[in-house]
Amino acid sequence: MLDKNQGARLANLWDDAKASAMSEPERLLYRSNLLGSDKRITNYGGGNTSAKVIEKDPLGAGNVEVLWVKGSGGDVGTIKMDGFATLYMDKLNALKGLYRGLEHEDEMVGYLPHCTFNLNPRAASIDTPLHAYVPKKHVDHMHPDAIIAIAAAKNSRELTQQIFGDDIGWLPWKRPGYELGLWLEKFCLENPGARGLVLESHGLFTWGDTAKECYETTVEIINKAIAWFEGNNTAPAFGGAVKPVLAPAERRAVAEKLMPVIRGMISKDEKKVGHFDDSSAVLDFVTAKDLAPLAALGTSCPDHFLRTKIRPLVVDFDPANPDVDKTLAGLDEAVAAYRADYAAYYERCKRANSPAMRDPNAVVYLVPGVGMITFAKDKATARISGEFYVNAINVMRGASGVSDYVGLPEQEAFDIEYWLLEEAKLQRMPKPKSLAGRIALVTGGAGGIGKATANRLMAEGACVVLADIDEAALAEAQSELAGRYGKDVVRSVTMNVTDEALVAKSFADTLVEFGGLDILVSNAGLASSAVIEDTTLELWNKNIGILATGYFLVSREAFRIFRRQKAGGNVVFVASKNGLAASPGASAYCTAKAAEIHLARCLALEGASEQIRVNVVNPDAVLRGSKIWTGEWKEQRAAIYKTDTEGLEALYRERSMLKLSVFPEDIAEAIYFLASDMSAKSTGNIVNVDAGNAQSFTR
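Residue numbers (the UniProt record's numbering): 1 to 699.
Please note that a few of the clues may not be correct.
Said to hold, decoys possible - Derived pair list, reagent style DSS-like, types lysine-lysine, alpha-carbon separation capped at 27 angstroms:
#1 80 - 96
#2 487 - 505
#3 257 - 39
#4 268 - 52
#5 18 - 96
#6 566 - 425
#7 39 - 186
#8 377 - 542
#9 136 - 96
#10 243 - 186
#11 136 - 18
#12 542 - 431
#13 186 - 257
#14 377 - 257
#15 431 - 243
#16 326 - 425
#17 52 - 96
#18 154 - 91
#19 431 - 505
#20 18 - 91
#21 224 - 136
#22 80 - 137
#23 154 - 136
#24 212 - 136
#25 268 - 80
#26 377 - 212
#27 137 - 268
#28 52 - 91
#29 96 - 505
#30 39 - 487
#31 39 - 377
#32 174 - 268
#33 154 - 52
#34 566 - 91
#35 39 - 566
Honestly, the hints are just simulated from the structure, not real lab data.
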């Protein structure tokens, strides 16, 4: 039967008042964004929309018909006007005279740039002929779960006729490309009354004479499919549940144990980032009788397949008798078996000109009673891959409930995965940033140095978890960084580094959010100033608690994760010039910082054999943006040096050898160096970033 969310009808969101004031290209954008706003209509990056518009030719040849169509790599839900390719329709029609047949269809992609209208730099996608040759002004190509459930059924053609009659046609599976564009044209000419068609194993095409008609037809047809399934798919989903669902906290606990171990196994050549999904659709699937046979069939829609690979890996875990250690013990063999199976698939299907085999590891990991884990080169891709597999689950739910679900044939799947055009697209991708796929946790993340460090690491491609005791500042820092780099790559945890249980929970949350850990920046701090006879035991313990015990607790958790991942690790302590050079009136602070530095040396010794590096950055007098240098501490240091608070920064600057102020970004740069592969052969080191202070020279 249908998931309750899948059974809900799509709303008609078209607003005549809003659309009436738009140009035809603007109505195309409006339509596209409406369709892309609901994942039941199409998944991220999937689907395509187009409009044929009369425009003035910039060469002065009068008015011409121009195809506006979503460009290569775009997403209809978030596309802007510059995301559409524009092409002369007369030139696209002229390409028919150059077509040499199915064996040569890929060469037609090379002709598309010659059809560009008005020097538009947006590259046209492989789907362009599919839109160009449909003899209608407006065309939608969507991947709705309810329609693909029909398209992926064994008797797809009969179901299409039964549900839609002659209103919606049907075409057998054909890989997207020039030939399919000609098939669509032929169908439309032979069936002038049809308003769309179902492509076997692929999706839905609909069309209309106006943008509104096209949009409303798309919504109407999808809703008709949803309603039909609601009335006809009444059997228990996937053969019915045969395994229990663990409680939410238990599911997260299992994911927290599995994710770093899997990540370590599959990140030897390229670091991966994870995503965990225990939504109701996923839980229905991973507790079902038919989980294994359905998962083995793989996905049907090419867009689903490209994101989720030939098939998922079903993890051997029994939620009725949960034994995570037993599952962990068998993971090596399971991952190795998947790789061997993938290599065999490659060997069976490869062609003479196929690209070399890519990463043989699974993208999707299904854990009975727990949920779904996905891994990819970055967080957004891991999340989106999971969303695609949820679409695939919904398709399997529908197809298997009314017929037999049919996955994409193996050779067809291979020919899409290793399509030379897809390979060329991959080769054009920009080179990964230096910290791509890395996961960092920064304590004191809401302060000046912490936020600057997170910013620097994220600029180089890292995912970052901000940890801080100040919830308001933490929320503000996360919002700021999410606005700059996107919500996918930053999380926050409220952490008191002296609270053992809270520290452990924060690292566990990090594992469930991102799948592992590569970098710990231990930066939580405080400052105190008092001559020794005025130093209370409470003040002494507070300094030792945060700057020594706190650094021990977070390092211990990081080491535990690094050793489970078996992929090395990196710890950077933010200490202080005062850890090497004593200062008057700050014995508790200086002693705690010295302990911190010596702890780093000890950890460097312990971690070296497992490629866990530990280094220290020593700042001095970083006033700007610092929560430490506010209020009482600033006043106390000014009193010690017999100046006012306004003159303190100038005093520190002038006492330095280089006569320069030190800023959070300066510390962040040193941390980035030590956290990156630029310092891959350095451990146990101290880098002073203090504008020069002879007292703190290391020796």
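Is residue 154 close enough to residue 52, meaning Cα to Cα at most 27 angstroms?
Violated, because 35 angstroms separates the two Cα atoms, which is more than 27 angstroms.
What's the verdict on residue 566 and residue 91, does the C-alpha distance respect the 27 angstroms limit or exceed it?
violated, 57 angstroms
Checking one constraint from the list: CA of residue 136 to CA of residue 18, max 27 angstroms. Satisfied?
With a Cα-Cα distance of about 23 angstroms, the restraint between residue 136 and residue 18 holds, given a limit of 27 angstroms.
Would you check the hint for residue 377 and residue 257, treating anything up to 27 angstroms between C-alpha atoms as holding?
Holds - the C-alpha atoms of residue 257 and residue 377 are around 20 angstroms apart, at most 27 angstroms.
Sort out whether residue 136 lies within 27 angstroms of residue 224, counting only the CA atoms.
Since the Cα atoms of residue 224 and residue 136 sit roughly 22 angstroms apart, the hinted pair holds (cutoff 27 angstroms).
Starting from residue 377, check that the Cα of residue 542 is at most 27 angstroms away, please.
violated, 41 angstroms
When you check the alpha-carbon spacing of residue 542 and residue 431, does it fall within 27 angstroms?
violated, 46 angstroms
Quickly compare the C-alpha distance for residue 136 and residue 96 to 27 angstroms and report which way the hint goes.
It holds: about 18 angstroms lies between the C-alpha atoms, which stays within 27 angstroms.
If you draw a straight line from the CA of residue 39 to the CA of residue 186, is it 27 angstroms or shorter?
Between residue 39 and residue 186 the Cα gap is close to 30 angstroms, so the pair fails against 27 angstroms, i.e. violated.
Given the hint that residue 154 pairs with residue 136, does the C-alpha gap stay at or below 27 angstroms?
violated, 30 angstroms
Do the alpha carbons of residue 257 and residue 39 lie within 27 angstroms of each other, as the hint requires?
violated, 30 angstroms
Is residue 212 close enough to residue 136, meaning Cα to Cα at most 27 angstroms?
holds, 13 angstroms
In summary, the numbered hints that this structure violates are 1, 3, 4, 5, 6, 7, 8, 10, 12, 13, 15, 16, 18, 19, 20, 23, 25, 26, 27, 29, 32, 33, 34, 35.
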